[in-house]
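Peer 1: As a plain string of letters, each chain reads:
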Amino acid sequence: DSGVTQTPKHLITATGQRVTLRCSPRSGDLSVYWYQQSLDQGLQFLIQYYNGEERAKGNILERFSAQQFPDLHSELNLSSLELGDSALYFCASSVATGRYNEQFFGPGTRLTVL
Amino acid sequence: KNEVEQSPQNLTAQEGEFITINCSYSVGISALHWLQQHPGGGIVSLFMLSSGKKKHGRLIATINIQEKHSSLHITASHPRDSAVYICAVRYEVSTSGTYKYIFGTGTRLKVLA
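Protein chains in written order, with my numbering: chain A, 1 to 114; chain B, 1001 to 1113.
Read the hints as simulated data drawn from the structure, not as lab findings. Take these hints with a grain of salt, some might be off.
Stated by the list, open to error - Short derived list, chain A residues pointing at chain B, Cβ under 7 angstroms:
| hint | residue |
| --- | --- |
| 1 | 45 |
| 2 | 56 |
| 3 | 99 |
| 4 | 102 |
| 5 | 105 |
Every residue, glycine too, gets a C-beta built ideally from N, C-alpha and C.
Just need the whole structure built from these sequences, with the hints factored in.
Peer 2: The following block contains the structure:
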């Protein structure tokens, strides 16, 4: 158990809908990262937040947005869902934001868009 | 051409064998990350390095910055090492801390008893 929690574990929804994925980092960790893992694209970095502020942005679509709240949990919002958004979404946390900070991964949320 | 390439894509070994997984990248990086993804999907961070060599138990990671290449070695492999091993590189795009983080496609390892 990494100490990072993600809810829900599974989510099934329809095209065009909007969903919110939630991540609670390890106690004491200030950074949260979001990743998408799909069958055709593999793992992709989406976005990182550090202490409530966006720190780095990867291949995150405009239909997706994220935020980190004062209690350091983070939410990833996915809207106007398409079939291709079906994937495993992982969050990870680390103590700080430097390149050597070890990341601890959550168990993931499996999103299925029908 | 992908910015991060791993080889081999698939690897089957007998228990006890020495295993090497390779990762090559095409950009100047600030750090390289080796990850292990278990058959159930969970991801564990193994190493983060930017130079030299790191060792943890039976796992060894090396990196050659000039050649833009890293290797992950597993000594005395065991069936519980069966997993997908993924390398990822981080490179800075500005002095303000903005970076890119690119993953390889992974190496699927199966160790037979």
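Peer 1: Hints first: check each against the structure and report whether it holds.
Peer 2: Each hint tested on the structure:
{"no.": "1", "hint": "45", "in the structure": "holds (4 angstroms)"}
{"no.": "2", "hint": "56", "in the structure": "holds (5 angstroms)"}
{"no.": "3", "hint": "99", "in the structure": "holds (4 angstroms)"}
{"no.": "4", "hint": "102", "in the structure": "holds (5 angstroms)"}
{"no.": "5", "hint": "105", "in the structure": "holds (4 angstroms)"}
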